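Enquirer: Working from the sequences, and respecting the hints, build out all of it.
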Amino acid sequence: MTGFTTDQLDWTPWLAPLTEPELTDAHREALVDAARAASPYFRLLARDPEILHARTKTDKDIFYNTKGGLPRPERELAATATSRRNGCVYCASVHARFAAHYSKRPDDVQRLLDEGVGAPQDGRWQAVIDASVALAATPVEFGAEHIEALRAAGLDDLAISDTIHAAAFFNWANRLMLSLGEPTADR
Amino acid sequence: MIDVIDHLAGIEPDSPLDHLRDQRPDAREHAQRGFDALLTPDVPGEVSLVERDAVAAFVTGLHRDPRTARFYADRLSELAPDLLDVVRREIAAGSTTGPYGAYPADGPLAVESDDGLRYRAQDPAALGGRLTAAFEHAHLLVFRPREADPKDLRALADAGWSDTAIVTLSQLVAFLSFQIRVVAGLRLLGATQKGTS
Chain A
961 MTGFTTDQLD
971 WTPWLAPLTE
981 PELTDAHREA
991 LVDAARAASP
1001 YFRLLARDPE
1011 ILHARTKTDK
1021 DIFYNTKGGL
1031 PRPERELAAT
1041 ATSRRNGCVY
1051 CASVHARFAA
1061 HYSKRPDDVQ
1071 RLLDEGVGAP
1081 QDGRWQAVID
1091 ASVALAATPV
1101 EFGAEHIEAL
1111 RAAGLDDLAI
1121 SDTIHAAAFF
1131 NWANRLMLSL
1141 GEPTADR
Chain B
593 MIDVIDHLAG
603 IEPDSPLDHL
613 RDQRPDAREH
623 AQRGFDALLT
633 PDVPGEVSLV
643 ERDAVAAFVT
653 GLHRDPRTAR
663 FYADRLSELA
673 PDLLDVVRRE
683 IAAGSTTGPY
693 GAYPADGPLA
703 VESDDGLRYR
713 AQDPAALGGR
723 LTAAFEHAHL
733 LVFRPREADP
743 KDLRALADAG
753 WSDTAIVTLS
763 QLVAFLSFQI
773 RVVAGLRLLG
783 ATQKGTS
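So the protein lines, in turn, are chains A and B. The number in my numbering is simply the position in the first sequence, starting from 1, with 960 added. The number in my numbering is simply the position in the second sequence, starting from 1, with 592 added.
Derived from the structure by calculation, the hints contain no laboratory data. No experiment lies behind these values; they were computed from the predicted model shown. Hints should not be assumed to be uniformly reliable.
Here chain B is said to cover these stretches of chain A; the calculated rule only asks that three of the stretch's residues, wherever they fall, bring their Cβ under 8 Å from a Cβ of chain B [unchecked claim]:
#, region
1, 970-977
2, 1004-1010
3, 1017-1026
4, 1101-1107
5, 1122-1131
6, 1137-1145
By construction, the Cβ of each residue, glycine as well, lies at the ideal position given by its N, Cα and C atoms.
Expert: Okay, structure coming up:
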């Protein structure tokens, strides 16, 4: 296995995904985007279409609904920090690329991957990373001090809620990607 | 039908948090639909309702948020009262703090390996073979997901879990990991709003 990287990785399932001919209309609706029928990950999750559909719609609103709240690069930062803490190399690679692209701060993202969630960052990124790490803990260690730090960094309540949702969602995504398959070198 | 996140986070209609959640309407709606799909499915299919509620009570018990844990324990006690004490003992045996776990010893992340409890079910006879395997897998996913390996899926298969049932079980544990954190975060955000208004 590779270390944490922004390289493009593949993901190989450990259980048999549905094959494309096996996908019914209900499965395709659950995939939400037709293009996801090409992904072994989503075709594996399509074995239970209802929860896949709910997962995907939740994911898209948390990350792509940019009406106010936390700017997109920092949502991706929360996803990356959560994945770094939980140990999901594949998830971290995807969202580190997004975080670096949207923030135009590839060096800061690379430091998060290389040195981990304790690497020094500027105040606002530090607050988002610290909140994500506290939310990744079991039991959850997210406390009033994390909310205060996010407020002090300029986040309003919607942005704080977005931080919570982005970090929480990656506690869902990381567990699926880590336990149903593994990252592999891009073909 | 209640919205479970609102219920567990104590979000009242027309409160600031209610309005805040309305600004992410799909996330709100589909977080609830996720609960419905996993905990109250129209067709339970390959994972029984008792298995779903037992795993949910175990996973939320391990997270030690009293209100959330009680909600899922109450669901289990309605459906399978005999299992509640069995599950409580498993929660006590499995309680620890995470995430932790070993990275591959020959890989670049080996220096970050972090050892911790490797839970095994205390009372497999009371749980039965399927739930014993499900609890051991759920504990792995909650605390050391970085260690998951194909052999863990084979252990589930050996206990009678089909590929589709494994997907549902994995989604259940992973979804609860999300729901628990949204609830904890929003509840705290609500408390700090009250404190500053």
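Enquirer: Each of the hints needs a verdict: does it hold here or not?
Expert: Now the hints, each set against the structure:
no. : hint      : in the structure
1   : 970-977   : holds (count 3)
2   : 1004-1010 : holds (count 5)
3   : 1017-1026 : holds (count 6)
4   : 1101-1107 : holds (count 4)
5   : 1122-1131 : holds (count 7)
6   : 1137-1145 : holds (count 3)
Hint violations for this structure: none, all hints satisfied.
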